[in-house]
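Fit chain B to the supplied structure of chain A, relying on the hints for placement.
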Amino acid sequence: MREVVVISGKGGTGKTSLTAAFAHLAESKVICDLDVDAPDLHLLLDPAVVRDEAFISGHEAIIDPEKCSGCGLCASMCRYDAIDQDGDVYRIAPLRCEGCKVCVAFCPEQAIDFPPRHCGQHYMSETRFGPMVHAQLFPGQENSGLLVSRLKKEARVLAEERGLELILCDGAPGIGCPVIASLSQTDLAVVVTEPTPSGVHDLERVASLCDHFRTRVAVVVNKHDLNPEQTSRIGALCKEKGYTLAALLPHDTAVTEAMVRRQAITEGEDSAIATQVRQAWRTITDLLHS
Amino acid sequence: MIVSVASGKGGTGKTTVTASLAVSWSRPLMAVDLDVEEPNLHLFLKPEVTDTDVVTIEVPEVDESKCTHCRKCAELCQFKAIAVMGKAIMTFPEMCHGCGGCMAICPEGAIGTGTRELGVMERGVARGALPCLTGRLRVGEAMSPPLMRHVRSCMRAESEERSLDVLVDAPPGVSCPAMSAVADSDVIVLVTEPTPFGFHDFKLAFEAFSPYGKPIAVVINRAGLGDKRVYEFCTAQNLPILAEIPYRRDIAEHYSKGMILAEMDEGLGELFVKLGQDLRRMAKEARNA
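Top line first, the protein sequences correspond to chains A and B.
Residues 1 to 290 (this note's numbering) make up the first sequence, in order.
Residues 1 to 289 (this note's numbering) make up the second sequence, in order.
Since the hints were derived computationally from the structure, they do not count as laboratory data.
Check the hints yourself; a few may be wrong.
Okay, derived cross-link-like pairs now, DSS-like style, lysine-lysine, Cα gap no bigger than 27 Å in a straight line [what the hints assert, rightly or not]:
(1) B:K72 / B:K203
(2) A:K101 / B:K87
(3) A:K101 / B:K72
This is chain A alone, in the form it adopts within the complex (with noise of 0.2 Å):
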């Protein structure tokens, strides 16, 4: 079984249009939106959800008012300045509590309850290109890389109990915890990169994550025709690390007039880009299985 976790070191470089575009090429695959503080690829594959689950993550400190003295200790000690003081009690933030059960710990009165966090959702859906894993993290939760190391494992899982090849995942912006969460036990990291100030900067450090832990790296740089300058400093980059340049692709609305119609750019009558995404995806392919 081979993994593939499409990228982009910033946002908006088309990495799921084009993660959608391969969802529809690849043959024997599940499909994983690891995004999973912004998904958006279920707004191009329309997912039937065939099971829903509660993530639940860590706990929250409640601090219960009734046994609250008002000594302030706990507040003294969090250091994520979690704890407001509200009359004579203390009351926790909820979107600033790490769970970390210091106030539970210390509290003299025994005031501060800490039940598990329910974070968000996560599904397992089908869709016209097959299974497909993905979630929705609530607003303001955190622990989205334990969301996305989950969503890897069902994908993984589900995978074998349908004899899958391959799991194709559109993958976490940035490069903290969650795309950390994303490139582990990849076989390959596709980056979508634009030729920006922007683009190249955020590819540079999201590459050299990938390079920390090792994983292979195919780069696609979307909107080439925009800059030529800085698209020959990607192809630079790229030389130098190793990286295989899989495919230039130029601007062209047809890219967001797929998507307003929720299709992937390569279904319907093919258009231009349409070739040459199929083209990358060859490109994707041989280096999987080289």
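Same frame as chain A, but now just chain B:
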């Protein structure tokens, strides 16, 4: 007064809007990049770095000669950063959230404080007069919130001391970092694009940020592309659309050269001057309400 520029989704033009607002602002201003995972504002404002803080968190450092292996620390730690196995104690500093619980609970005083580097905060000055703060997470570091806390506390202290307005480039999305980035602000600007992805993430951001009760303004980027749903939603929710940046290839090319949109032509320059005025008016009205 603090204005945060946020977006449910990455790549909608948040940094473009922040950089353009920064150069069009009519009062003393500080520009802060809180997108510590992917800071990009400096690529456009190009500040000269004057000073760098290395930001760390406290992680446990165990004095094994004092440790009695009572396991109290490991039982308290919620992040699996300390483990006791028989007569051995191990720490995993990369897992540590720096809560300090282990240090406080150890009855033998065997746990001292080591440090882990989270990243840096750079102070700089752009264009001779615009102070900038940039947080930059170390590659491989998973925890952005404590680095952001450091940048936010410097931002509050330094802007108050020098009576500066603050413009924040917030991280994308609606997870914990984005929520904490906008928590300080007087006005939130949501940048979106009128596409299905843009609209979907915009709605999430609206749901996430509106409980703060702060005024929210909308800037639509790449107007003319996609569909009308974001406009209908703004009308229904009474959200003011303060500016529309047209979808034009020459704008995308200008951006790709690292140039600031407000300085591309006169019309775009005026658009951002007016946007700044409207935002200050919204902040003032909210304060007087």
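Hint by hint, here is what the structure shows:
no.: 1; hint: B:K72 / B:K203; result: violated (45 Å)
no.: 2; hint: A:K101 / B:K87; result: holds (25 Å)
no.: 3; hint: A:K101 / B:K72; result: holds (13 Å)
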